[in-house]
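J.: These are the residues of each chain, in order.
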Amino acid sequence: MAIKLDGEFEVKRKPEDVYDFLTDPNKFAPLLPDFQSISVQDATHFAVRVNVGISYIKGTADVKMELAQADRPRRAQYKGQGSVAGGNVSFTARFDLSAVNGGTKVAWQGEAQIFGRLASVAGGLLEPLGKKNVQKLIGGLQAALS
Amino acid sequence: MSSSNGKDAKNWVGQALPRKEENRLLRGRGRFSDDIKLREMLYLRFVRSPYAHAKIVGVDTSTAEKLSGVACALTGAEIVSQTQPFIEIGPDPFARIKDYPLAAAKVRYQGEPVAAVVAESAALADDAAELVQVEYEALDPVIDAEEALENQSLLHDEAGTNLVWNGVFEYGDVAKAFKEAAHVVTIDRMHFHRFSSTPLENNVVIARWDPKDERIYYQCNNSFPSFAIQFLAAHLQVHIDRIRVETSDIGGSFGIKITSYPQMAVCALASKKAGGRPVKWVETRSEHLTSSAHGNERIFRETRVALDKNGVITAITSRHIDDCGAYPRYEPLGCVIWSQVFPGVYRFKNARIDFSQAVTNKCPVGPNRGYSRMQHLWFLERIVDVCAHKLGIAPDEMRLRNYVRPEEFPYTTPNGCIYDSGNYPRMLQLAKQKIGWDDWKKKQATARKEGRLIGIGIGTTLDSGTNNFGQSQIVNPGLPYSGNSQGANCKLDIYGEVVVAVGSCPQGQGHETTAAQVVADVLNIHPDMVTVRTGFDTERNVHTGFSGTYASQFAVSGLSAVHGAAQKLKAEMKRLGAFVLETKEADVEFGTGAQGPELIAKSSGKSINYWGLANIVNANSASLPEELYELTLNCRYIWRAPFKVPDKQKKYGNLTMTYASQLHIAVIEVERDTFIPRILDYAAIDDCGTVINPPIVEGQVYGATAHGIGAALMENCVYDAVGNMLTSTFSDYTPITAMNMPHVKYGHISTPSPHSYSGAKGMGEGGAAPVHTISAALQDALFDEGVFIDDSFNNADSLFRALVGKEISQMEKLVKVEKR
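Heads up: the protein sequence lines correspond to chains A and B, in order.
Position 43 of the first sequence, counting from 1, maps to 42 under numbering that gives the first Met the number 0, and the rest follow consecutively.
Position 222 of the second sequence, counting from 1, maps to 221 under numbering that gives the first Met the number 0, and the rest follow consecutively.
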């Protein structure tokens, strides 16, 4: 099952600052909803552990992340893959940055493919939950970059 | 003279005898596979694929195996190294595919097992299974059968195609019929949806690979074990005689437990790895819904119907694409089994069906109740119904004009099947009477003026029973199967008890009762004096390669075998009785006296009871003269159906022995505000020839009706674009319950079959009559709204999309009529 979300927001920081924040796993990852821990492998690869709770399905998800596209200060794109509760999730998250009014406009796109038990059992809940979590993430980003 | 047993001779068949099984089953004293607890038993849990289509990059079971209490784990790679792929029924190129019970190189449907963990408890096995790490590389899934035939993404590289089988079934002079037609109706596309069965008891396997004698012991609820052991022996590379399969009470199967042999294989291999300890696997409900077996999904393309000026169908052409899921397994038998009912209940002689079957990244199909035939019968009923509406002929009149007529039986179909007996007009008349047809027509007219959407629909269908397995040679001429047979044993044991053993594995069909009725009639005793040992057991019960319970056949094959064995026993008893009673065989009568069932000499009045008779053969044999040494009072009989191998090129021959028929009428209202279809009234008429036990037949009609109503309105296996099954729990699959069932006005007629000894016809599958009937009723309700019921599944959502959104099921787009 596929979930696609996109949107944009503006912050007062310069694109270079926003880019540096987004591509620093130690800054970016803790903003993920229900973040537990991070393990950085190298400059472009890290793994995060997040709590997952969807109705009766509860557990942790280990997500392998890769900074797949890094074009300072215009674009950063992550690819991720994780497993949770008998299911797998793969996703991309892209941030396109442009200078506006002395700050930065962040146009973001997220696309997730969910496979397995999670989609089968909780498919109807995933899209609203995904939206809620993305709003949390974006809210966190805005707050951190303010 | 013997006292009466309460009934005249030869009349237990047909009596409404309470089921002998009820005493055990209703008191909770049944013995189901999960009730079995063995010493040192281990429990198996499968690790299943979340992906519908993916390469397996790696499987790591080490963490799971380190968990205390875990006995072992199995992976696909390990199984590949120890076994042969399962045999394939289909011909090349699909015979080349490698089907193993655990995926090794890639997975082909969501829920496919990739590993198994065996532990001291079921809970521990669950926990350990969570620790197995599997790395996948996702591949493009193919969810639609038509898309699969484009071969853009192959499921089985060895086959080089997703096409499992293709064949053209052509009879009569199709071109001439279309040339002479007064009307030609064209239907672009119809779709029969994917659904399954939801037996109370899921699949259960207990396997023990005994290291001492290298034999495999199964206790399970597979419903066609003689088929399963043929697959297992070749796969496990053991002689078939070294596999013992025993079934006990089974809580429903509906055909889909036939294909549990892959799980049976894994349990045996797990037992072997665990040093011979018994291994039990109990399927969860979600596993059952995602990964056991579904019914076949089918698409009907480019259908053309030729009709004369009176609306009589003269020819049909169509292209059918069947979706068998990820592995063929019991398929491609479904590619020919539909042709048992090639013209349905109708008289047209000219037809051409181009039939293909494709694999897709969905759960493999199994022979679900009404297997392969219900899809085709639904297709025919949709044709008849939409032609009636488009040509302005009342649907009941349309059917009467096209039915095979009562005087035409036995009726030979265009493809050589012989319909034994039937009277469809009489069933229609009775159904109309039961439902109050004329009253409903008036109510419907009034309701329509009020803007209400009420429809009345008819579904006429066939339940073909007792297959000619020679039809398998139409899909693969190299297969070594033809005919049909069933075995039974009838004996007088050492204390004179009549004991019948038969190789069926009933799942609620009342075999203990009906077999006892048959034997009671032969021996002129009460059925309670007959003990019937049902349940398949390769070591205890008589069985043939066709033994099991499937395909509406027990009343014909099973009871014919029981009857034959009882007749043999009777002949031996009579011969022995004549010797003991010092009279001629013709003078010996069977009955029941003060000391139980007995034989009596009419001339002298001397008698001997069954104990005395059995004692002579079993424990007092010195008194037996040499010429009677051959008597055993333990008689085995193998019944064989008088089939011939069909003509494989012409696809012509008799494929089934009996044709029970069903005619249902439904009155349905689609609510204007909610679009919920509600059944307002329902009638079901059945004709299964001679009825052995009326309540058992009636119960099976109710069961089949519930199954069909559930399928038509509630139950649908929904997959998303990447192959996630979205209806993997009862919350989403919504199986029908008693609360959803309308009151069914049941009736029956009886046209005895000339093809069975008793006149009975196999029944129980019900021909999926409600699916056709509900589609017809919805069509009647929505025809004026421009809706064509092109799908077998209809719920509030789909009806909303058709009626309001105009997105789907638009008559104008899908159905064209050419009037000449």
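Since the hints were made in silico from the structure, they are not lab data.
Fair warning: this is a prediction, and the values are worked out from it, not measured in the lab.
Among the clues, some could well be false.
Below, computed lysine-lysine pairings styled on BS3-like, alpha-carbon distance capped at 30 Å [unchecked claim]:
id	chain 1	residue 1	chain 2	residue 2
1	B	Lys65	B	Lys175
2	A	Lys63	B	Lys65
3	A	Lys131	A	Lys3
4	B	Lys54	B	Lys348
5	B	Lys643	A	Lys3
6	B	Lys54	A	Lys57
7	A	Lys104	A	Lys11
8	B	Lys175	B	Lys601
9	A	Lys78	A	Lys13
10	B	Lys175	B	Lys448
11	A	Lys135	A	Lys104
12	B	Lys178	B	Lys805
13	A	Lys78	A	Lys63
14	A	Lys78	B	Lys54
15	A	Lys3	B	Lys54
16	B	Lys65	A	Lys57
17	B	Lys805	B	Lys442
18	B	Lys36	B	Lys54
19	B	Lys567	B	Lys647
20	A	Lys135	A	Lys13
21	B	Lys175	A	Lys63
J.: Each hint needs a verdict: does it hold in this structure or not?
T.: Checked hints:
no. : hint                   : in the structure
1   : B:Lys65 with B:Lys175  : violated (73 Å)
2   : A:Lys63 with B:Lys65   : holds (25 Å)
3   : A:Lys131 with A:Lys3   : holds (13 Å)
4   : B:Lys54 with B:Lys348  : violated (49 Å)
5   : B:Lys643 with A:Lys3   : violated (59 Å)
6   : B:Lys54 with A:Lys57   : holds (27 Å)
7   : A:Lys104 with A:Lys11  : holds (9 Å)
8   : B:Lys175 with B:Lys601 : violated (68 Å)
9   : A:Lys78 with A:Lys13   : holds (24 Å)
10  : B:Lys175 with B:Lys448 : violated (44 Å)
11  : A:Lys135 with A:Lys104 : holds (18 Å)
12  : B:Lys178 with B:Lys805 : violated (35 Å)
13  : A:Lys78 with A:Lys63   : holds (8 Å)
14  : A:Lys78 with B:Lys54   : holds (19 Å)
15  : A:Lys3 with B:Lys54    : holds (25 Å)
16  : B:Lys65 with A:Lys57   : holds (24 Å)
17  : B:Lys805 with B:Lys442 : holds (28 Å)
18  : B:Lys36 with B:Lys54   : violated (38 Å)
19  : B:Lys567 with B:Lys647 : violated (37 Å)
20  : A:Lys135 with A:Lys13  : holds (22 Å)
21  : B:Lys175 with A:Lys63  : violated (66 Å)
Comparing the model with each numbered hint stated earlier shows that hints 1, 4, 5, 8, 10, 12, 18, 19, 21 do not hold.
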